[in-house]
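J.: Once you've looked at the hints, dock chain D against the given chain L.
Here the protein sequences line up with chains L and D, keeping their order.
Residues 135 to 500 (this note's numbering) are what the first sequence spells out, left to right.
Residues 135 to 500 (this note's numbering) are what the second sequence spells out, left to right.
The set of hints was computed from the structure by calculation and includes no laboratory data.
A hint or two may mislead.
The list treats identical chains as one, so a pair stands whether inside a single copy or across any two.
Here are the simulated DMTMM-like cross-link-like pairs (lysine to aspartate or glutamate), alpha carbons at most 25 Å apart as the crow flies [to be verified]:
hint, residue 1, residue 2
1, 162, 487
2, 423, 266
3, 423, 267
4, 162, 417
5, 162, 470
6, 162, 443
7, 162, 433
8, 162, 404
Protein chains: 2
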Amino acid sequence: MVRGNGMVGSRRRGVRCGIVDTPIRLTKTVSKGGCAAKIAAGTLRALLETLPTHAHPDLLVGHDLFDDAAVWRVNDDTLMIQTIDFFTPVVDDPRDFGAVAAANALSDVYAMGGTPTTALSVLAFPVGILPDEVLAEMMAGAADAIAAAGAFLVGGHSIEDDTLKLGFSVTGFVHPDRLWRNSGARAGDVLVLTKPIGTGTLAGARKNDEIDEASMAPAIESMKQLNRLDLPSDLHAAVHAATDVTGFGLLGHALHLARGSNVTIDLRADDVPLLPGARETLERGILTKAHTSTTHYVDEHVAGRGGLDAAAWWSLVDPQTSGGLLLCVDPARADDLLAHVREAFPHVAVVADVVAAGAHPIVVRS
Amino acid sequence: MVRGNGMVGSRRRGVRCGIVDTPIRLTKTVSKGGCAAKIAAGTLRALLETLPTHAHPDLLVGHDLFDDAAVWRVNDDTLMIQTIDFFTPVVDDPRDFGAVAAANALSDVYAMGGTPTTALSVLAFPVGILPDEVLAEMMAGAADAIAAAGAFLVGGHSIEDDTLKLGFSVTGFVHPDRLWRNSGARAGDVLVLTKPIGTGTLAGARKNDEIDEASMAPAIESMKQLNRLDLPSDLHAAVHAATDVTGFGLLGHALHLARGSNVTIDLRADDVPLLPGARETLERGILTKAHTSTTHYVDEHVAGRGGLDAAAWWSLVDPQTSGGLLLCVDPARADDLLAHVREAFPHVAVVADVVAAGAHPIVVRS
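So here's chain L without its partners, still in its complex pose (with noise of 0.2 Å):
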């Protein structure tokens, strides 16, 4: 734990604390990062199916299903679109931090596609324990992000706690021919990845000095990188149903989409992007809570996992934080809609085919 002592100044990259001039690596301060300290995804699902779940007109999607945000309509003409997400440091620098939180809670209004408009801050500060100046940095980091949403930071609340988390909850619009869900997938589509898969054992990795500084600076670009497709009309009504790779893997979300639409999704693990790195550190078995959490959350409704290695496995239960969006598209716009993707999303690839419903859910191979 870095204590403040009124002498940090800015360097380079990040804040520095003191006159030994150690900086201050936002990860050491956490036990787990990002994504990877959501709680488990079977535990939150015994929790959801005790709430009593209302039934309104207006309330289109709420939380007895498992979209990315809840959609509620305003008028004929345009459905809110709301989701918080918020978490404790997956990198180091405070910036890029703002960057990714913000750029991760965003997210789930691009994949129900959406265009983001307001955003309040959650936060929780080490008042004392980290400098002011990390507060700083942050949040401006995370205005920029939003600001490049074309949304505005409206508010927010900050508690004194003693590990720093930061996220947003973020409305959005769309209007209700527009609406991807988790539920419009067919068979026959097939299924986009749109960034690289990796963040959460690389993040793990850098956390305990197993790789550097520069290792992990791919896996940043990423997670700071705003899931906005501006795809035109034409293109945005051939995605069938969408969602975003998150704390659940690849699969824990590609489950939910499968199940969502009562198709199976038939996934190639070699087809799967990884970021530079990845596969050496699954490889070396650095590996995060979420990994097992995941495996046992999905693994009954997977076929075909003893014909991957345990790194492909691993690769596809590996907790993202701000992860690229999983599109089902119509087969006949796909190359259409990757041609316009790759141009901000160099790593988008198609990943699985969308078949008629089998005994499971999601069917994997290498």
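T.: Then chain D, alone, in the frame of chain L:
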């Protein structure tokens, strides 16, 4: 810290742990609870001033002001109100804590004159330290309160954490003509407070066993009560400005009203309703860190402090969790409004006069 052992059972009040039948007291698991854990107003203000402010014709209230929530114009007839609040336990019983957390978050929508519509939960839970039953009870208490507001719990985000925190991001709607801001108070208005003061000192006393469970009960009931007034239209229009009293105490929030409206608030400490026992715990010096930080925040803006005894001053900066509304009311309609509000809020009182801006935004007298 209490560990779950699989033998947890529920009794009359709260969740008890294991064979020794010791009740779990949530407030014993945290160093400070409720709105007392807010970051000091001065610190927060300094941060907000560093953030860019954005202008957009539909963003009517953003983070650069001290209103209770952000306001976004959806169309000419509909404004969206957004707020977020979360905190560590301020009461021991999980169901009570859920209800208080929800009532507190919903309050900011009521303070803007709106009707809450949707809520997203913000949850940090010590998995494996507190039993799952605490989580279920808490969320059930919150769900009841949200349902009583006519709103819907539509989702949320949950992380594992060392200390329990719960809150909500709440969205509501209001017609533009019915929006209450902190900027509408007029000289001649009277200032009405709907709930008695004292949750900060009483919760602090209870946490340290300086008062017993029964002595805390009125404060808990007050914190659980929704700030829903259901005013008829004519009385709603007689409210020229409003806010709610939370972590910055009566004076901190009155200061935001006075500054927002460019008036002076002339406050009579003897007229401020107090919860049973609050005067005594304040006289015994049972204070929180927020009593001091809010004193520091407001002191230079307040005239007349010397005329109050210490306990009276501390009551005016006592941090409230889920405190009452402060309403600046047309004096010609004040009696009618009081009569209407008194049915649900028997301690409602006129505590101040709004006068033309003087040398200090706040004047206090006994």
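J.: Can you give the numbers of the hints that this structure goes against, from lowest to highest?
T.: 1, 5, 6, 7, 8
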